[in-house]
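Single-letter residue listing:
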Amino acid sequence: MSVAGPEPSHGHGSASGEAPVAEVGRDRAGGAVGVAAGGVGAVAGPRRRFRGASAVVAPLVFGIVGLVLWELVVRVAGVPSFLLPAPTAIAEQIGAQLPVILQTAGVTGGNALVGLVVGFLLGVLLAVLAAGWRTVSELLTPVVLAASAIPIVALAPVFTTMFGSTTEIPRRLVVIVVVTVPVFVSTARGLRRVRPVHAELMDSLAATRRQYTRYVRLPGAVPFVLTGLRLAAPAAVIAAIVAEYFGGLQNGLGSRISSAAANTAYARAWAFVAASIALGLLFFLAGLLAERLVTRNRR
Amino acid sequence: MSAVSLTGVGKEFGPVTGPVPALTGVDLEIAVGEFVSLIGPSGCGKSTLLRLVADLEQPTTGTVEVAGKPARQARLDQDYGIAFQQAGLLEWRTVAENVELPLQIHGVAKAERRARVAELLELVGLADFWRSRPAQLSGGMQQRVAIARALARRPPLLLMDEPFGALDEMTRERMQAELLRIARESGAAVLFVTHSIPEAVVLSDRIAVLSPRPGRITEIVAGRRPSTGVDVDEVEDVRETTAFFEAVTAVREALRKGAAQ
Chain A
1 MSVAGPEPSH GHGSASGEAP VAEVGRDRAG GAVGVAAGGV GAVAGPRRRF RGASAVVAPL
61 VFGIVGLVLW ELVVRVAGVP SFLLPAPTAI AEQIGAQLPV ILQTAGVTGG NALVGLVVGF
121 LLGVLLAVLA AGWRTVSELL TPVVLAASAI PIVALAPVFT TMFGSTTEIP RRLVVIVVVT
181 VPVFVSTARG LRRVRPVHAE LMDSLAATRR QYTRYVRLPG AVPFVLTGLR LAAPAAVIAA
241 IVAEYFGGLQ NGLGSRISSA AANTAYARAW AFVAASIALG LLFFLAGLLA ERLVTRNRR
Chain B
1 MSAVSLTGVG KEFGPVTGPV PALTGVDLEI AVGEFVSLIG PSGCGKSTLL RLVADLEQPT
61 TGTVEVAGKP ARQARLDQDY GIAFQQAGLL EWRTVAENVE LPLQIHGVAK AERRARVAEL
121 LELVGLADFW RSRPAQLSGG MQQRVAIARA LARRPPLLLM DEPFGALDEM TRERMQAELL
181 RIARESGAAV LFVTHSIPEA VVLSDRIAVL SPRPGRITEI VAGRRPSTGV DVDEVEDVRE
241 TTAFFEAVTA VREALRKGAA Q
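Chains as they are written, first to last, in this note's numbering: chain A, 1 to 299; chain B, 1 to 261.
No wet-lab data here; the hints were simulated from the structure. A quick note: this is a predicted structure, and the numbers were derived from the prediction, not measured. Wrong hints could be hidden among the right ones.
As the list claims (entries may be wrong) - Below are the SDA-like pairs computed for lysine to any residue, each with C-alpha atoms no more than 20 Å apart in a straight line:
hint, chain 1, residue 1, chain 2, residue 2
1, B, K110, B, E122
2, B, K69, B, G10
3, B, K110, A, L98
4, B, K69, A, A206
5, B, K69, A, D203
6, B, K110, A, Q211
7, B, K69, B, Q58
8, B, K257, B, T24
9, B, K257, B, P41
10, B, K110, B, T94
11, B, K110, B, R93
12, B, K69, B, G33
Said to hold, decoys possible - From the structure, some residues in chain B lie toward chain A, with a derived Cβ separation under 7 Å:
hint, residue
13, I105
14, V108
15, F245
Beta carbons are placed, not taken as given, at the ideal position from N, Cα and C, and that holds for glycine.
All chains should be modelled from the sequences, with the hints used to inform the complete structure.
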């Protein structure tokens, strides 16, 4: 799993890389194109299916070949380990550090999960409020969009100072900020995009505003909400790891990477990097699965 | 009391491009249980007229009454059911849940809802598809679900805006026969917008012919709605009668005359 680490992360890049092209052509109005990208993917739904065994085998072969080449280059050319450790050396470290890796991954993963859940609920809640009241929307939308411009590296040290270095709160806050934005944007989009015929139907049925929201807007926005979740899930892991680089508790993957690197234990640093990649993939796949499960019955 | 009563109805759109008259001086009475079609060239305002009756638009002049009350009150009281050009089903709901929607919105108890939905799906011939999602159905089946939904609260008036426009000819003819059967069994008055002259003739008691924009009713032609038979073959027989062809010709001439004025 860890040996194949770098390769599936490549697969991840191409999977989410398809959507933005379609989105840009389709809707220029979207403020955050990267975030908006998933919306169309959600509407298109199951169109992009796995194309049988070749879809699995090809990247797998590619990954193995890549690793073998990597190993050969390191050995034959005698690349120094601080520049690039060999895959076998990294694998060895993964074996040796496995209990620590699992434990630290648990801490970082826990922070990412808590931040993801809270940020997701917050994003959905804010979007629903913004969709219900124009004033709320006018107040909230610029603030949330501005939050998307906050570099988390700028927040992490500040939060650590604010809440002290003996608690997980600063990391979780960073994750919440990172997660809330795409979920908000995507959900708000979904709530706005009601088919006119559905709006007229509810009018003709003399439905109240609340019924309109409950029976049409919210369920209609579900694919968009889940697209937000899918985009936010791997970002939550990245945020949780990077937040650890800026002090605080030394109990997660990020702090282990920086301390191993500082101690010139490069293969060990890479072992934790591989674990980080695996954790990010886990979150990405969980988000993707949630999206597929919920939207499979539509269209 | 008539099902629908339009008096001096006019509608202007604007103000972005200045007032554009869509309808002018429309008077029309639809009796209880009567089937009336609106026919006219594209853009003549026939859909607008239907939407005025549904209170989805408000007239600029004149009055619209449904079941003896103002259109708005009739909408709030759910005195009509409507089927749009697109089926407009909620794709995340099953067929049964879609038909159930109007009942759910108006607080009908669950057991009663279930019984009514079963009845309606039987009526439109989709009893076996209650668990399907709209995406799994053909266009004709979706439209039947939409009609069942429109009938859910047993409205005394059914408004239909080219509901069969997107269907192929065979499906369309079958749907027409089914609509006649449904209208007869439910006793509802129907206001039906269509482009198709034969469709209007075969379904209607009366056909209101509209002039090009701004639309007004230039003539009312008697339709050939079958008085008894409602299955496909019997409707088919109507299509082969001389009376049917005469009515088609009458509507066509009325349309031509309306366009020439």
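Which of the stated hints cannot be reconciled with the structure, identified by number in ascending sequence? Of the numbered hints, 3, 14 and 15 do not hold.
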